Amino acid sequence: MMFPLYINAASSSDALTRSAAELIPAPDMRRRMSRVVKMGVCTAMECLSQLPEGEVPDAIITATGLGCLADSEKFLRNVIENDEQLLNPTPFIQSTFNTVGGAVALLSGNHCYNMTYVQRGRSFGCALIDAAVRVRLDGARNVLVGAFDETTPAQHRIMERMGAWRGAEDGEGSHFFAVSPEQREGTLARLTLAEFADPGETAAQVLERLGPDENRTVIAEESGGYHTCAARSLYEGVEKIRAGAQRVSVYSRYRDDSPLVMLLECI
Amino acid sequence: MRIAVTGIGVVSAAGNSAGELLASIRSGCSGVGKPALLDTVHDFPVGEVRLSNDGLKSLLGLDSRRTVSRTALLGMFAARQALEDAPLFSGPPHRTGLISGTSVGGMDLTEEFFREFIRDDSSGRLRNAAGHDCGYSTMKIAGYCGIGGFSTTISTACSSAANAVMFGAQLIRAGVLDRAVVGGTDALSRFTLNGFKSLMILDGSPCRPFDASRTGLNLGEGAGYIVLQREDTLETEPYCLLSGYANANDAFHQTASSAEGTGAWLAMKGALEMAGLAPEEIGYVNAHGTGTPNNDASEAAALCRLFGDRLPPFSSTKPFTGHTLAAAGGIEAVLAVLSVDKGIIYQNLNFKTPMEESAAIPNTEYSEGNDIRHVLSNSFGFGGNNSTLIFSAYA
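First to last, the sequence lines map onto chains A and B.
Counting from 1, position 236 in the first sequence corresponds to residue 236 in this note's numbering; the numbering is continuous, with no gaps.
Position in the second sequence (first residue = 1) + 267 = this note's numbering.
Calculated from the structure, these hints are not laboratory results.
A few of these clues could be false.
[What the hints assert, rightly or not] Simulated DEER-style distance windows between Cβ atoms:
#, chain 1, residue 1, chain 2, residue 2, range
1, A, Gly139, B, Ala626, 32 to 38 Å
2, A, Gly139, B, Glu548, 21 to 27 Å
3, B, Glu623, A, Glu195, 50 to 56 Å
4, A, Asp256, B, Ala290, 18 to 24 Å
5, B, Ser390, A, Asp28, 35 to 41 Å
[As the list claims (entries may be wrong)] Footprint (simulated), chain A over chain B, 3 or more residues, beta carbon under 8 Å:
#, segment
6, 293-304
7, 307-316
8, 485-496
[Unchecked claim] Cβ-to-Cβ under 10 Å is the rule here; a few derived chain A residues that face chain B:
#, residue
9, Gly67
10, Arg120
11, Arg136
Quick caveat: nothing in here was measured; it's all calculated off a predicted structure.
Idealized CB from N, CA, C, for every residue including glycine.
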């Protein structure tokens, strides 16, 4: 009902083809950005640059598990160490979770719907569901949906103490997609489903539930390194389709959160 | 498909329930004052909830030794009220969801943790860090209230709760849920108090929205939730309908609003279009009205542009509660619902002199029993995030 959606562009912070200076032309704005905000904004702007002229988003939806950690830590550290005196506001401003979404709107002069989901390992799935809802209920034609998360030494250490890195590796990244209700000339893949599996359901169990399929490529991420790793898994799935796969089943889970199951088909 | 409001719940500096909050407003009693519970060197007026964490845990039936962030405690308290206020629902648990907005998350506990952690990275109680993220409080609220359906957290600064109301309605329209508890929660923290101070938008006196002498906001805390329900599942008359909503981006600056209030105007216009209403049908506007020079001028410009010379009575209720950040849209949704239900036009405290920038003058007298069919509520956040909700009389 809510799907399929058509993925017309996809970008990864690991595979940017343009420089930060090209993607974020205003030098002051670029300089003030923290590493994660720059990563998220560059990836989002790269995705937008893949779309044909005139195809601008009518919804911008972002997801993050921990948001702009480095800025939060920086401001918090300053509050504690300076006894709440003489504080620089920049890290505080940059620490809000919708900073990336807001910056993309600012850079593209776009007044459209702009939302940010912060729900641990389900964040990206929620963003995808909102994208589907905007398309189906509100007639959105072009939704920019993506995610970003960073690792910092403090966060890594804290999670190490919590046992998070036994059986998983810390990671970070940003991935963005442009989705539409119908196929277009540049469509990369058809997203026929995105839904949460039950927490605790393994990739094997999900694949069995989906039924046998010899022509299916599987991406199974059972120990994702950051809350929004499902966006990276989707990107990997799109890359498989681009490389010739007919169908891709993607399962992506962060720790013990609900896994996200996404099905892709070639065009 | 129409979406009804069947329950309300709120905890704020001016009252620990909808009834108490309304009583404070009726008697003109603001909850803003010097911080008593928050451990800070500053003495800016704040809207602090008159319940300690132990007090909240006691009211919630939780062991005082349990580590729970204040944001989660406030949220649990208000969401429980909203569900208890709503009529019994016979649908299955997985058809009631929770959409909650927060910006502070567990930062109150993270501050405790970090104080020790930065001296020695093996110190600090891990339990204080485990609930740092925004999603944590939503999970606690859902677990405590037995909400089994789709739940998620929205964090778009000061428009979070309004956006949560919107997304809950969307999920009902999309057939994912029959009922949604929607709103937001934020606790005071040194992080946010100092953050707003560093931006120099805190007022050292009680805030004066839309007044020429306004110099900033008073930070507040609290939680506000309403229960949305699909009309065809109703068994009793609801408070009102949620008839329209919209979110738009100002795309002007990261924190400041454009002088013309473009994002605000687009959000209000979009909500009216969805509700199928002409501007003059609005009986009362609950403004975002933080009391900052920038917001109030920008919002007033948008109001005047939208309503022309038919500006309805409007006010900011933030002088009563403080600016509760991500909870504001939820607390103010509760007030908007009561406005439709009882014909209330709220007063804007501390107003004396109209702004130079605008002819817009807020309402300064409380009244009830007015013929109000439609109420519009604004919530605007950093990142140019502008949201408007419209509540309408049930007929």
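Provide an ascending list of the numbers of those earlier hints which the structure does not satisfy.
4, 6, 8
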